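Chemist: So the chains spell out like this:
There are 2 protein chains.
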Amino acid sequence: MTSPIQFHFDFISPYGYFASRRIEALAARHGRAVDWRAMLLGVSVMKVMGLKPLMDTPLKGPYTARDVLRHAREHGLAMKRQPSDPVMNPLPCARAFAWVKHHHPEHAAALAHAIYAAYWGEGQDLSQPASLRALALPPGLSADAVAQAAAGDEAASLLRAMVDASLKEGVFGSPTVVVDGEPFWGVDKLDQVERWLARGGW
Amino acid sequence: MTSPIQFHFDFISPYGYFASRRIEALAARHGRAVDWRAMLLGVSVMKVMGLKPLMDTPLKGPYTARDVLRHAREHGLAMKRQPSDPVMNPLPCARAFAWVKHHHPEHAAALAHAIYAAYWGEGQDLSQPASLRALALPPGLSADAVAQAAAGDEAASLLRAMVDASLKEGVFGSPTVVVDGEPFWGVDKLDQVERWLARGGW
Numbered sequence: 001m002t003s004p005i006q007f008h009f010d011f012i013s014p015y016g017y018f019a020s021r022r023i024e025a026l027a028a029r030h031g032r033a034v035d036w037r038a039m040l041l042g043v044s045v046m047k048v049m050g051l052k053p054l055m056d057t058p059l060k061g062p063y064t065a066r067d068v069l070r071h072a073r074e075h076g077l078a079m080k081r082q083p084s085d086p087v088m089n090p091l092p093c094a095r096a097f098a099w100v101k102h103h104h105p106e107h108a109a110a111l112a113h114a115i116y117a118a119y120w121g122e123g124q125d126l127s128q129p130a131s132l133r134a135l136a137l138p139p140g141l142s143a144d145a146v147a148q149a150a151a152g153d154e155a156a157s158l159l160r161a162m163v164d165a166s167l168k169e170g171v172f173g174s175p176t177v178v179v180d181g182e183p184f185w186g187v188d189k190l191d192q193v194e195r196w197l198a199r200g201g202w
Numbered sequence: 001m002t003s004p005i006q007f008h009f010d011f012i013s014p015y016g017y018f019a020s021r022r023i024e025a026l027a028a029r030h031g032r033a034v035d036w037r038a039m040l041l042g043v044s045v046m047k048v049m050g051l052k053p054l055m056d057t058p059l060k061g062p063y064t065a066r067d068v069l070r071h072a073r074e075h076g077l078a079m080k081r082q083p084s085d086p087v088m089n090p091l092p093c094a095r096a097f098a099w100v101k102h103h104h105p106e107h108a109a110a111l112a113h114a115i116y117a118a119y120w121g122e123g124q125d126l127s128q129p130a131s132l133r134a135l136a137l138p139p140g141l142s143a144d145a146v147a148q149a150a151a152g153d154e155a156a157s158l159l160r161a162m163v164d165a166s167l168k169e170g171v172f173g174s175p176t177v178v179v180d181g182e183p184f185w186g187v188d189k190l191d192q193v194e195r196w197l198a199r200g201g202w
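Going down the list, the protein sequences come from chains A and B. Read in my numbering, the first sequence has 17 at position 17, and its numbers run on one by one without any break. Read in my numbering, the second sequence has 52 at position 52, and its numbers run on one by one without any break.
For reference, chain A alone in the conformation it holds in the complex:
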């Protein structure tokens, strides 16, 4: 039996969005499942690494905006939100994800896809728990229940545990794919991840 590959992502990360669209097919080609893990760039990048937000970094911010739009165009991905738009508070979405993963693990990936599609694809504001009511979710997962959970203490506590675990594993960026303990950071690494899976490392 092989282990699932871990897919660490932040909803505010456009590169996480891009990679989320490829990770399941990639994993499936190598007989792997995907373990979806929400992380928070605000914690890893700002608190632990002591860096400023990417988009506020001179030179790198403008480059990143350009790179994100170029990536979306190349892959034909919907992107109504601009990378230079103000960043939402990611906590309601990330808490909702942590809660669903705990209570309805079979729907965790669908929720992540729904949030990414709404936020980056459609440009919706998901910064309030109530805004999650508008998400298009699979039968069996109530958007009202998700929105309510996102405002509660249990979701906050589940997310804290998930974020602490990702930091402990050394994850700092979105997306990060971990294959049997081997971390790969960045959507640009997915081809290398695939070669690693195919060869079993090198």
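Treat the hints as calculated values from the structure; they're not laboratory data. No experiment lies behind these values; they were computed from the predicted model shown. It is possible that part of the hints are untrue.
[Stated by the list, open to error] Below 16 angstroms or equal to it, Euclidean Cα-Cα: the simulated EDC-like pairs (lysine to aspartate or glutamate) are: (1) Lys47(B) with Asp164(B); (2) Lys47(A) with Asp164(A); (3) Lys168(A) with Glu182(A); (4) Lys168(B) with Glu182(B); (5) Lys80(B) with Glu122(B); (6) Lys189(A) with Glu24(A); (7) Lys189(A) with Glu24(B); (8) Lys189(B) with Asp191(A); (9) Lys189(B) with Glu74(A); (10) Lys189(B) with Asp56(B); (11) Lys80(A) with Asp35(A); (12) Lys189(A) with Asp191(B).
Position chain B relative to chain A; hints supplied.
Modeler: Structure of chain B alone, referenced to chain A:
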């Protein structure tokens, strides 16, 4: 007539070393020449962007060391210097490069390859102008002359102009490839650069 693609690099960057081994064949496949441009991460990253050195950044430093060694293994590249080793003062090498590019442009790429091979491949210390005397250079380029030039004012001034120009173009990382004004940062972007060249953008 197509323009050369610009290849911006810092000698202290292992990713610049990796990309330097592929850039000429990549460009040639699309009928392009390569315009080699030395830049200084110490100026762009630390002074302009206000970030700490990559290897001193929590989480990202250890990840990068692992990623660099993994990349070298995958591509079979010699690497006697460890990414976690202390970083040399890049000025003598970069000044030598700027001087050779100005006076012997036909040897600029060969000098860059020789420095990268000696520093990263063989683990030599090239932090003093005199250390450049040991470089394996093509006939017509005297290592003694290069070492002497690296210690002089003209080379320093030529490098300053080259670094200023790269900053003005928004280049901040090593390697950065610029195709007809379109910047691509990182060795992981070389496949995308190749698709961009093949399609003429998108």
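Chemist: It remains to establish, for every hint, whether it holds in the given structure.
Modeler: Evaluated hints:
Restraint check for Lys47(B) and Asp164(B): the C-alpha separation of about 13 angstroms stays at or below 16 angstroms, so the hint holds. The suggested pairing of Lys47(A) with Asp164(A) holds, with an alpha-carbon distance near 13 angstroms, which does not exceed 16 angstroms. Only pairs whose Cα atoms come within 16 angstroms are accepted, and Lys168(A) paired with Glu182(A) is accepted, the gap being roughly 14 angstroms. Distance restraint check for Lys168(B) and Glu182(B): the Cα-Cα separation of roughly 14 angstroms lies within the 16 angstroms cut-off, and the hinted pair is therefore satisfied.
Annotation: proposed proximity of Lys80(B) to Glu122(B) holds, straight-line Cα distance about 5 angstroms (limit 16 angstroms). About 15 angstroms separates the Cα atoms of Lys189(A) and Glu24(A), which keeps this hinted pair within 16 angstroms; it holds. Restraint check for Lys189(A) and Glu24(B): not satisfied, since their Cα atoms lie roughly 22 angstroms apart, outside the 16 angstroms limit. Among the hinted pairs, Lys189(B) with Asp191(A) is consistent with the structure: their alpha-carbon atoms are about 11 angstroms apart, no more than 16 angstroms.
Under the criterion of a C-alpha separation no larger than 16 angstroms, the hint pairing Lys189(B) with Glu74(A) is consistent with the structure, at around 13 angstroms. Proximity of Lys189(B) to Asp56(B) is assessed by CA-CA distance (about 24 angstroms); at most 16 angstroms being required, the pair is judged violated. Only pairs whose Cα atoms come within 16 angstroms are accepted, and Lys80(A) paired with Asp35(A) is rejected, the gap being roughly 28 angstroms. For the proposed pair Lys189(A) and Asp191(B), the alpha carbon gap of about 11 angstroms is at most 16 angstroms, so the pair holds.
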